[in-house]
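By full-length UniProt numbering, the letter at position 677 of the sequence shown is numbered 677, and the numbering carries on one by one without gaps.
Hints should not be assumed to be uniformly reliable.
Stated by the list, open to error - Straight-line Cα separation of at most 20 Å, EDC-like style, residue types lysine to aspartate or glutamate; simulated pairs:
| no. | residue 1 | residue 2 |
| --- | --- | --- |
| 1 | Lys1038 | Asp481 |
| 2 | Lys840 | Asp481 |
| 3 | Lys1154 | Asp1099 |
| 4 | Lys693 | Asp769 |
| 5 | Lys1049 | Asp1085 |
| 6 | Lys1049 | Asp1020 |
| 7 | Lys1160 | Asp1170 |
| 8 | Lys1160 | Asp1020 |
These aren't lab readings, by the way, just hints derived from the structure by calculation.
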Amino acid sequence: SGPMQSQMQFPSGYGSHLPNYSAPSGHYSQVPSKAAASHLDNQYRASYYPGYYSAPAQNVMTSVGSNVLNAQESHQLYNNTPPHSGGSSDRPVQGAVSSASYLHVSAQQSYSAFDNHYSTSVSSSVASQGFPLNSDHYAMPVVSGAMYPNVSYPPVAAGAVYGQTFTSQSLPAVGQFKETNAFSSQSPSVPHSLQQHLPVGYNTTLATVSSAQSVQDTLSRNLTGSVAKVNNQISTGGIDSSQPVHSVSQNVPFTKPGVGTSASSAVMSSVRSPAPSLSSKPPSSPSVTQSPELALQEGMQYGGYVNNQASSAPAPLSSSSDDEEEDEEDEEAALDSSSTTSSASPVLNNYDALEGGGYPEARSVTNSPVPSPSVLQTSKASKPFGYGYPALQPGYQNATPPAPVQPSNPGHHPGFQHYPQACVNQLSSSLGGLSLQHSQQPESLRPVNLTHDRNILPVSSVPAPVPNLNSDLRKLNCSPDSFRCTLTNIPQTQALLNKAKLPLGLLLHPFRDLTQLPVITSSTIVRCRSCRTYINPFVSFIDQRRWKCNLCYRVNDVPEEFMYNPLTRSYGEPHKRPEVQNSTVEFIASSDYMLRPPQPAVYLFVLDVSHNAVEAGYLTILCQSLLENLDKLPGDSRTRIGFITFDSTVQFYNLQEGLSQPQMLIVSDIDDIFLPTPDSLLVNLHESKELIKDLLNALPNMFTNTRETHSALGPALQAAFKLMSPTGGRISVFQTQLPSLGAGLLHSREDPNQRSSTKVVQHLGPATDFYKKLALDCSGQQTAVDLFLLSSQYSDLASLACMSKYSAGCIYYYPSFHRSHNPAQAEKLQKDLKRYLTRKIGFEAVMRIRCTKGLSIHTFHGNFFVRSTDLLSLANVNPDAGFAVQMSIEESLTDTSLVCFQTALLYTSSKGERRIRVHTLCLPVVSSLSDVYAGADVQAVVCLLANMAVDRSVSSSLADARDALVNAVVDSLAAYMSTASNLQQSMLIAPNSLKLFPLYILALLKQKAFRTGTSTRLDDRVYAMCQMKSQPLVHLMKMIHPNLYRIDKLTDESTIHVNDRVVPQPPLQKLSAEKLTREGAFLMDCGSIFYLWIGKNCDNNFIKDVLGYPNYASVPQRMTQLPEVDAPSSERTRSFISWLRDSRPLSPVLQVIKDENPAKTDFFQHLIEDRTEAAFSYYEFLLNIQQQICK
């Protein structure tokens, strides 16, 4: 097979990120001198300044005035509302970058992005959708007469699977039922400058268009930010890569639209010019099922491969040779290089180029002219995924296939053709069952009358829905614990998604601990040459030498080395390679393609030693945990460690090898902090281990008699940043009070009298941008900041949390912590520290999410720094961190039956290896509303809504967020009921897949993050919101809706066997006091804590055997441990609780609850189906939903 000619032509700026940045703070990179600047820089430029942003471009970025801000309806949860109601101003926008919500895409949908969670006081509007251009850049054929020279192709019927080019089609607007709440897709046209709201910060993309381009830009959008479809038609002429690239910082006016588009159109189309020739078509091959999924143990190595195709920076744009293109393919294996504001030892930082972009401009690999796109096709083509070529005769490469045949239909362009096969409908049958309309109604669509059927809670945990795929693809699909979509049936159009009133998004747990993980060591990491997708089980092999990307549909060559299968030691079966048999794999990248050696594991502990901290007693627990786990800290022989303590001054510790004892160095000038001995404050762990142990043994007693009540946290963090900048690593901050001295000092903002307010909850956002700016500087130097807040009083967590949110750190909160007075919190800290110090960690990480053409990302949720449209920067990544992503459908998916999502996480392991962990998820596309509801994942929907509601609470108000959560239930159930027939007005009907939706939303409204009318400390509320934004789905659901079990009657009848241990499986109980009996004992699993409620009349035998006390009266008030008693009931109870604890990273503490126990209030507040003074019961909530639907 000869070289590929240009297969497809993409519009300018096609989904690519920006390789060049202006980077005064080290967040963005400089392109190495050997690399030419990209042609995309001529059209788009992103600049980052830590505290100052200017917006001079009139049509590119303008301030949003109060007249626009006031136009929003408070209950519109899914609209892009400005973060604060700031007046219109021409002044430069002050602020820094936000990670909570980055991109707000202009695609018509009701579930558009919430506002920036932690944005600045003024927001801006940008005419960009996250991709550099608002063009319908997916609406073009994959192939336009592409062929191989001197190769003939076999005849295949015109209706073959690859018989069509893949273009967007014009569809009529889909009618929608009467809107009752916040999900209207009809919107008036607005000026161009207000077309899209993008929070100031991160890398704000300024979309500018070359004067040589012809742009037609018609957008429709409502004033509240509800996103509308964009239709840009762009000249398909090639871009001359030889032209010099200049930074565009001024406004470049858009070409005046030539054709207007209806603002109310639900779906718009993109039509391309006809192709000059349709005569030559490359072949494709029939599909065959994959071999069974491989059971691969973690750490198993395949082959001897290392990434040969990586480069350290974007390569010069060239169309002359494959070798030059290869140089920029596997950027994931490379480190970065950038300038930095620090004068000492810059940290290399070219991450935008490092991971490889989305959909770059296609480049011809020959000198042949680029064919024009073909005409719009009206027939549908089903693209196969995950199927290889059929069994081919030996030497088939040399056989001459029959001559190609012209299609019988004159307007039909077959594109790729199959090799002859015995069953031409094999693919169709394998994808059968995708439509649910003409088959028996599935269980997920069974109507449930919520007001009459009260027992809807299953007896066991709610499983993730299984995508409606054939068994082969289903076995190969990614685990829902790692990668999960809110809709397992993807709607064909944004209009259909809007009609369903459900959000489309992804829930990710990319770095979770795995028992089985295929590790690939390869000299060739196979990726798509166009969109940079990693080869995966859902690509299709045209033949032994070519494979088709399942995201952008480009045909790629199979490298020679990939022909060999290291598992079977056979040649010629690339579709059986482990990379193509596992949807979760990890590649090891070679150090040959790194600009510097991987950073060592560096740990710095910054400790509060004020009087308040010494009284709390946390130093004893921390130092003891460090002593016990010092040898278990992840790392290698290069691991380094250091300590800083602070009160009203900052103390450093010289631990240089050769000293007889640790040396304390005190810096009292906190207004101009400096490092007294920079070279001896971070020391090699193994070389200075004895000195480190001496310091840890002495620290708890060094400040026993201190009278210092002030806290200079800000200066201590500034010193920590200076110390860590040369290498990067992890800073662990332990704080016990409100910072009161130096930079970053804070004042109390909480009014205790307003804790139970049902009106406005204030101060959910930071009081200063000091901690946010510091976090961004740390992120630029590959340093994450983890915060441990152990406070018995208000500490303004809303401000302090920024240091972790924007540096990809994590937050631990221990309210009312005291080692002696609160033993449960002390025990929890001890267990959390053991996990924290010993869990695996990834350094200098980046994560990119790719998806099938037609889908786009517009908002991220979690702790990170957004570096480009689909690239997240994670200075550290840990296995307990979760992320959420909001998606939209930019173009119709009618041409495909399946869509795929892929996330790639590039990181440096604690052992110094550069690794890439890849997850790929495949889901079917459906065309009917009933299919969309059948595939709804109610838990994923609720978790995504929780993330969105947190953003709304901060950017607007808590009341708006609460209203919007209720409206989410009202709208989705109203949309479903509008499609059902023979419904009585007195019935509230939900599909079986959504029957728990109202219950989960009510539970969410009663959580600390969103509840009103119940006394809630401000720090408690903010911490709950932080958990919503950073917890993986499986742990977040425990927090939202705890599990309740009756455990005084455990038996061996319903059990499971885990590691030679018999574990009882009691059924789940409703979260209602009606399920509690005075004769029973009940265990409530809230995720981070277990409540064991003992009834007054509980059997004394159970109390004696399980609690170790003779009767109820003798059980102490503060009991947190169950004794080991040699009795069947004790063994069953402890086995069950241990099994629950083993299923989560942080071990929950146990609290035994009696009627007179103060913790009883917390226990009963989790009974969410019961009525409280300030909240509905579950039945009342259903009646309220029904009443709103019937309005």
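Now for the hints, and whether the structure bears them out:
1. Lys1038 / Asp481: holds (14 Å)
2. Lys840 / Asp481: holds (18 Å)
3. Lys1154 / Asp1099: The given pair, whose Cα atoms are some 14 Å apart, holds under the 20 Å limit.
4. Lys693 / Asp769: Between Lys693 and Asp769 the Cα gap is close to 37 Å, so the pair fails against 20 Å, i.e. violated.
5. Lys1049 / Asp1085: holds (17 Å)
6. Lys1049 / Asp1020: violated (35 Å)
7. Lys1160 / Asp1170: Roughly 15 Å separates the two Cα atoms, so the pair holds.
8. Lys1160 / Asp1020: It holds: about 18 Å lies between the C-alpha atoms, which stays within 20 Å.
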